[in-house]
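A.B. asks: These are the residues of each chain, in order.
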Amino acid sequence: MTGVSDHELVAKALQGNQKAFRAIVERHHATAYSVVRAILGDRDDVEDVLQNVYIKIYRGLAGFRGDARLSTWIYQIARNEAINAARRRRPEAQPIEEIAVPAPESASPEAEYGRQERGQQLEKAMAGLEEDYRMALELRYMGERSYEEIADVMGLPLGTVKTYIHRGKAQLRRAMARYQQRVFERKP
Amino acid sequence: MKPDDFEDLLPAYMDGDLTAEQRSRIEAWLDSSEEARRSLDEYRRLESMLTLRCEQVPPPDRMLHAAFRGSLLSRVRLTMDSLFSFPMISSALLILVGIGAYLFRDPITAWFSRTPPVPGADSRQLQWVQTAIQYFTGADVWTLTAIYVGLTIAILLSTTLMLMRFLRD
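Heads up: the protein sequence lines correspond to chains A and B, in order. Read left to right, the first sequence gives residues 1 to 188 (this note's numbering). Read left to right, the second sequence gives residues 1 to 169 (this note's numbering).
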C-alpha cells in the first residue's frame with residue numbers, strides 16, 4: 001500500500017482492513033523498534049515489548065484523532081511501553097566510563113578490533129549515552145529516519161535533534177577511543 | 001578553540017551543518033594536524049558502524065503474529081481460519097455428499113443400474129425431504145439426481161483442488 005497516506009491507512013484499518021493495519025506496522029516498524037531499542041538496549045524482551053506496542057496501536061487506533069502525526073503517536077506508545085518495561089526490569093546499561101575491556105589473553109589486538117568486537121563495544125557505548133542522544137541516534141541509524149522526521153516524532157526543533165546526534169556521536173567516539181586505549185594498555 | 005571543541009564539531013562538519021567560518025577553521029585544523037585527521041577517520045568508522053544498525057531491525061512478522069495470537073482480533077481470525085481451513089471445509093463437503101447420497105440412494109442406485117425406481121419402493125426414511133424438494137423445485141427425481149451427481153462431481157473437484165493448494169502451501 002505504498003503511496004497511501006497514514007490517515008487513509010488508519011481509516012481503512014478502522015473499517016476492518018487488516019492489510020491496512022499491516023501496512024501501518026510495516027511503515028513504522030523501524031521507528032518503533034529503534035525507540036524501544038533506545039530505551040531498553042539490546043535486551044531479550046525488546047520483541048515482547050514491541051508486541052505490546054502493536055496491540056496498543058491496534059486497540060488505540062479508534063482513538064487516534066489525527067491531529068498529530070501517526071509516527072509521533074506510535075513513537076509515544078513505543079516510548080511509554082519501553083519505559084514501563086524498563087521499570088519492571090533492572091536496566092542493563094552501563095555508564096560509558098565503565099565499559100569493560102576483555103582480557104587479551106587469547107586474542108590479538110587486531111582481533112580485538114574486529115568488527116564484531118567493535119559492534120559489541122558500540123552497543124555498550126550506546127547504552128551509556130543520555131537517553132535523548134541515544135533516541136535520536138537510534139531513530140537516525142536504526143530507524144533510518146531523516147532529521148526532519150526525527151524532529152517530528154520527538155516533538156523537538158530540528159536544530160536540537162542535530163545537536164543531540166552530533167553530541168551523541170562525539171560521546172560515542174570518545175567511548176570507543178577510551179576502549180581502544182585500554183585494550184592497548186592491557187597488551188602483554 | 002581547543003582541540004576537543006574542534007573534535008566535537010567534526011560530526012556537524014561531516015553533516016555539512018557548520019557555518020563557512022567554522023568550516024574553514026576545521027579544515028585548517030585538519031590540514032595541520034595528524035591527530036585531527038585520525039579523529040575524522042574515527043568518526044567515519046563510527047558513521048559506517050552506525051549505518052549498519054538498520055540491519056539489526058528484524059521484520060515485523062514474528063512480532064505481529066505473536067502480538068495478535070492472544071488478542072481478540074487473533075481469536076476471531078483463528079476461529080475464522082479454522083472454520084475455513086481445508087480440513088473443516090473438506091469434512092463439511094464430504095458430510096454433505098454423504099447426506100445427499102443417503103437421501104438419494106434409491107434414485108442413484110436406479111440410475112446406475114439403468115432401471116427406473118419402482119413407485120412406492122423409495123425409502124420411507126427422509127422421503128418427505130425428496131417430496132418437499134420436488135414440490136418446491138417442480139423437478140422430477142431424475143432431474144434432481146442429475147443435479148446431485150453434478151454437484152457431487154463439482155464438490156469432489158473443488159476438494160481435490162483445495163487439497164492440492166493445501167499441500168502446495
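Check before you lean on any hint, since a few could be wrong.
Some residues of chain B that are not near chain A, with every Cβ distance over 12 Å (derived) [as the list claims (entries may be wrong)]:
{"id": "1", "residue": "T51"}
{"id": "2", "residue": "V57"}
{"id": "3", "residue": "H65"}
{"id": "4", "residue": "I89"}
{"id": "5", "residue": "S91"}
{"id": "6", "residue": "L96"}
{"id": "7", "residue": "D106"}
{"id": "8", "residue": "F112"}
{"id": "9", "residue": "A139"}
{"id": "10", "residue": "D140"}
{"id": "11", "residue": "G150"}
25 Å max Cα-Cα, derived DMTMM-like pairs, lysine to aspartate or glutamate [stated by the list, open to error]:
{"id": "12", "chain 1": "A", "residue 1": "K56", "chain 2": "A", "residue 2": "D42"}
{"id": "13", "chain 1": "A", "residue 1": "K56", "chain 2": "A", "residue 2": "D132"}
{"id": "14", "chain 1": "A", "residue 1": "K56", "chain 2": "A", "residue 2": "E131"}
{"id": "15", "chain 1": "A", "residue 1": "K19", "chain 2": "A", "residue 2": "D48"}
{"id": "16", "chain 1": "A", "residue 1": "K12", "chain 2": "A", "residue 2": "D44"}
{"id": "17", "chain 1": "A", "residue 1": "K12", "chain 2": "A", "residue 2": "E131"}
{"id": "18", "chain 1": "A", "residue 1": "K162", "chain 2": "A", "residue 2": "E185"}
{"id": "19", "chain 1": "A", "residue 1": "K56", "chain 2": "A", "residue 2": "E26"}
{"id": "20", "chain 1": "A", "residue 1": "K56", "chain 2": "A", "residue 2": "D45"}
{"id": "21", "chain 1": "A", "residue 1": "K162", "chain 2": "B", "residue 2": "D61"}
{"id": "22", "chain 1": "A", "residue 1": "K19", "chain 2": "A", "residue 2": "D6"}
{"id": "23", "chain 1": "A", "residue 1": "K19", "chain 2": "A", "residue 2": "E144"}
{"id": "24", "chain 1": "A", "residue 1": "K19", "chain 2": "B", "residue 2": "E21"}
{"id": "25", "chain 1": "A", "residue 1": "K12", "chain 2": "A", "residue 2": "D152"}
{"id": "26", "chain 1": "A", "residue 1": "K162", "chain 2": "B", "residue 2": "E55"}
{"id": "27", "chain 1": "A", "residue 1": "K162", "chain 2": "B", "residue 2": "D15"}
{"id": "28", "chain 1": "A", "residue 1": "K12", "chain 2": "B", "residue 2": "D61"}
{"id": "29", "chain 1": "A", "residue 1": "K19", "chain 2": "B", "residue 2": "E42"}
{"id": "30", "chain 1": "A", "residue 1": "K162", "chain 2": "A", "residue 2": "E148"}
{"id": "31", "chain 1": "A", "residue 1": "K162", "chain 2": "A", "residue 2": "E144"}
{"id": "32", "chain 1": "A", "residue 1": "K56", "chain 2": "B", "residue 2": "E21"}
{"id": "33", "chain 1": "A", "residue 1": "K19", "chain 2": "A", "residue 2": "E47"}
{"id": "34", "chain 1": "A", "residue 1": "K162", "chain 2": "B", "residue 2": "E27"}
{"id": "35", "chain 1": "A", "residue 1": "K12", "chain 2": "A", "residue 2": "E26"}
{"id": "36", "chain 1": "A", "residue 1": "K56", "chain 2": "B", "residue 2": "D61"}
{"id": "37", "chain 1": "A", "residue 1": "K162", "chain 2": "A", "residue 2": "D132"}
{"id": "38", "chain 1": "A", "residue 1": "K56", "chain 2": "B", "residue 2": "E47"}
{"id": "39", "chain 1": "A", "residue 1": "K12", "chain 2": "A", "residue 2": "D67"}
{"id": "40", "chain 1": "A", "residue 1": "K56", "chain 2": "A", "residue 2": "D44"}
No lab work stands behind these hints, which were simulated from the structure alone. Note that CB positions come from ideal geometry on N, CA and C, so glycine has one too.
A.B. asks: All the hints need checking, so say for each whether the structure fits it.
C.D. replies: Verification of the supplied hints:
1. T51: violated (6 Å)
2. V57: violated (5 Å)
3. H65: H65 (chain B) not clear of chain A: closest Cβ-Cβ about 9 Å, inside 12 Å.
4. I89: Its Cβ never comes within 12 Å of chain A, the nearest being 21 Å, so this holds.
5. S91: Given that every Cβ of chain A is farther than 12 Å from that of S91 (chain B), nearest at about 26 Å, it holds.
6. L96: Fine: 30 Å to the nearest Cβ keeps L96 (chain B) off the interface.
7. D106: D106 (chain B) clear of chain A: closest Cβ-Cβ about 48 Å, beyond 12 Å.
8. F112: holds (48 Å)
9. A139: holds (41 Å)
10. D140: Fine: 46 Å to the nearest Cβ keeps D140 (chain B) off the interface.
11. G150: The claim stands: G150 (chain B) keeps its Cβ more than 12 Å from every Cβ of chain A (closest is about 36 Å).
12. A:K56 <-> A:D42: The given pair, whose Cα atoms are some 22 Å apart, holds under the 25 Å limit.
13. A:K56 <-> A:D132: Roughly 24 Å separates the two Cα atoms, so the pair holds.
14. A:K56 <-> A:E131: Holds, at roughly 23 Å.
15. A:K19 <-> A:D48: Measuring from Cα to Cα gives roughly 22 Å; hence the hint holds.
16. A:K12 <-> A:D44: Not satisfied, since the Cα-Cα distance of roughly 33 Å exceeds 25 Å.
17. A:K12 <-> A:E131: violated (35 Å)
18. A:K162 <-> A:E185: violated (34 Å)
19. A:K56 <-> A:E26: holds (15 Å)
20. A:K56 <-> A:D45: With Cα atoms ~17 Å apart, K56 (chain A) and D45 (chain A) stay inside 25 Å; holds.
21. A:K162 <-> B:D61: violated (32 Å)
22. A:K19 <-> A:D6: Judged against 25 Å, a Cα distance of about 13 Å means the pair holds.
23. A:K19 <-> A:E144: holds (23 Å)
24. A:K19 <-> B:E21: violated (52 Å)
25. A:K12 <-> A:D152: Distance ~24 Å between K12 (chain A) and D152 (chain A) Cα, so the pair holds.
26. A:K162 <-> B:E55: holds (23 Å)
27. A:K162 <-> B:D15: holds (9 Å)
28. A:K12 <-> B:D61: holds (20 Å)
29. A:K19 <-> B:E42: violated (44 Å)
30. A:K162 <-> A:E148: Measuring from Cα to Cα gives roughly 10 Å; hence the hint holds.
31. A:K162 <-> A:E144: holds (14 Å)
32. A:K56 <-> B:E21: violated (49 Å)
33. A:K19 <-> A:E47: holds (21 Å)
34. A:K162 <-> B:E27: holds (21 Å)
35. A:K12 <-> A:E26: Holds - the C-alpha atoms of E26 (chain A) and K12 (chain A) are around 15 Å apart, at most 25 Å.
36. A:K56 <-> B:D61: The hint holds at about 16 Å.
37. A:K162 <-> A:D132: With Cα atoms ~11 Å apart, K162 (chain A) and D132 (chain A) stay inside 25 Å; holds.
38. A:K56 <-> B:E47: Outside the cut-off at roughly 34 Å; violated.
39. A:K12 <-> A:D67: holds (18 Å)
40. A:K56 <-> A:D44: Holds. K56 (chain A) to D44 (chain A) sits at ~20 Å (cutoff 25 Å).
Of the numbered hints stated above, those contradicted by the structure are hints 1, 2, 3, 16, 17, 18, 21, 24, 29, 32, 38, listed in ascending order.
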